[in-house]
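Enquirer: What follows is the residue order along each chain.
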Amino acid sequence: MRGQVRRGLSWSAMWRIATVIGLSVIAVTPSVSLHGQGAGRPASSAAKPTPRTPDGKPDFSGVWIANSTIRLLEGEQQVEAMRQADLAAGRPPLPPPEPLSYKPEYEKVRQEYLARRGIDDPMARCLISGVPRISVRPLPFQIVQTPGLVVFLYEVHHAFRIIPTDGRPHPEDFEPSYLGDSTARWDGNTLVVDIVGFNTRTWLAGVGTVHSEQLHVTERYTRDSYDTIRYDVLVEDPEVLTKPWNMHELFRLRPNERIREYECIENNEDLLRIEKLLQNESVFRIK
Amino acid sequence: MTKMFAVGLAILAGVAGVSAHHSFAAEYDSNKPVNVSGTVMNVEWTNPHIHFWVDVKSADGAIVHWRFEGYPPNMLVRQGWKKDATLKPGDTITVTGWQARLEPTLGAAREITFADGRKMAAGPPAGTGGQ
Chain A
2 MRGQVRRGLS WSAMWRIATV IGLSVIAVTP SVSLHGQGAG RPASSAAKPT
52 PRTPDGKPDF SGVWIANSTI RLLEGEQQVE AMRQADLAAG RPPLPPPEPL
102 SYKPEYEKVR QEYLARRGID DPMARCLISG VPRISVRPLP FQIVQTPGLV
152 VFLYEVHHAF RIIPTDGRPH PEDFEPSYLG DSTARWDGNT LVVDIVGFNT
202 RTWLAGVGTV HSEQLHVTER YTRDSYDTIR YDVLVEDPEV LTKPWNMHEL
252 FRLRPNERIR EYECIENNED LLRIEKLLQN ESVFRIK
Chain B
1125 MTKMFAVGLA ILAGVAGVSA HHSFAAEYDS NKPVNVSGTV MNVEWTNPHI
1175 HFWVDVKSAD GAIVHWRFEG YPPNMLVRQG WKKDATLKPG DTITVTGWQA
1225 RLEPTLGAAR EITFADGRKM AAGPPAGTGG Q
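So the protein sequences, as listed, match chains A and B. As numbered in our numbering, the first sequence has no gaps in its residue numbers, which increase by one up to the final residue, 288. As numbered in our numbering, the second sequence has no gaps in its residue numbers, which increase by one up to the final residue, 1255.
Quick caveat, the hints were computed from the structure, so don't treat them as lab data. Just so we're clear, the structure is a prediction, and the values are computed from it rather than from any experiment.
Each pair of labels, with its calculated beta carbon distance range: (1) A/Glu214 / B/Lys1243: 44 to 50 Å; (2) A/Arg186 / B/Ala1239: 56 to 62 Å; (3) A/Gly149 / B/Lys1212: 45 to 51 Å; (4) A/Arg126 / B/Lys1156: 22 to 28 Å; (5) B/Thr1216 / A/Asn247: 47 to 53 Å; (6) A/Pro100 / B/Lys1156: 26 to 32 Å; (7) B/Asn1155 / A/Lys244: 35 to 41 Å; (8) B/Pro1213 / A/Arg186: 52 to 58 Å; (9) B/Pro1213 / A/Gly149: 51 to 57 Å; (10) B/Gly1241 / A/Arg84: 27 to 33 Å; (11) B/Lys1243 / A/Gln280: 34 to 40 Å.
Which bits of chain B does chain A cover? Going by a derived footprint, with three or more residues having C-beta under 8 Å, they are: (12) 1147 to 1157; (13) 1170 to 1178.
All C-beta atoms in this analysis are idealised placements derived from N, C-alpha and C, irrespective of residue type, glycine included.
With these hints in hand, go ahead and build the complete structure from the sequences.
Expert: As structure tokens, then:
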């Protein structure tokens, strides 16, 4: 079934769905914090200088998490406090989200995945997310940096990326993979990571955001304050997209966090439930 | 309404992927909220989700065995949960969440209220398939 197209959604249906989603997002926003004490909350450190490694490069070492996921961990109150701190520090807001622009044949594929409410999501099968999706999961990652090398350790999936930062070309013998092959260079204070060599078993960001093996991702990491990394991503895939897609995120330093074990496949009951659901598509499919 | 549409469209565009693990929407129905009270019978502290069982007395006195899914342990620990301490057999709790599409006594937990009135987040907000 995966990848097959049965029918797309009309714009009116899309509008209804999008409105319901918008209502749902607003409806689930808790009025009081249900959350803990914010163990990962950074101390007031706006005045701290951006750390640098002995070779003078910005030092990204530390445990980080995507800003967009923090509301799951700490609730709206803390999210609002961080937003206010950003405003006070003069941080420019991230550009508004940009929609992916698919060629018609791939837009149909994406719409089909949406109509199936994401039941085909590789994540539900504990498969490694690709880039940039792995960067915005609600589990933190750690960056370990040495001269000439940066290592990303993702809590989710026990995934890692070992990235040379000397601007070397990609090797010629890579096989298509979930995280692709990364090589990086410095552009001033920004680390620019170039990634190719992806397989087609991941989604770029949300449900149905398919891509081809021509996918080329360019990540730009800029430590724009002691507490934050600005993450700007350019996604190019001329096979499926009509134009490149830009994604932006902010990573927050989690000074009191550590990367823990997360063995996704340990007790993944979703696999059984999904198999049952797939026997009766009308149960879950958007009408 | 336009703003709501914009929020929804942004999520449909796949730029708000905050799902902890699976697509919520295929397995659970966000139009079927659950609010039950009962006694915790068991807690399964596993990835990618914890599960816990709650015995709920129905109006006719019969016991209904509810089962709930929640965040993975790591996300709970970061919100102040402790294994075998925060939620344990014998506790009287109220659970809010959403009902599964196939199994009528399976739910995705969002929040637990304990006997002393404390509230703890137990799982993510309802997803819609756009995440």
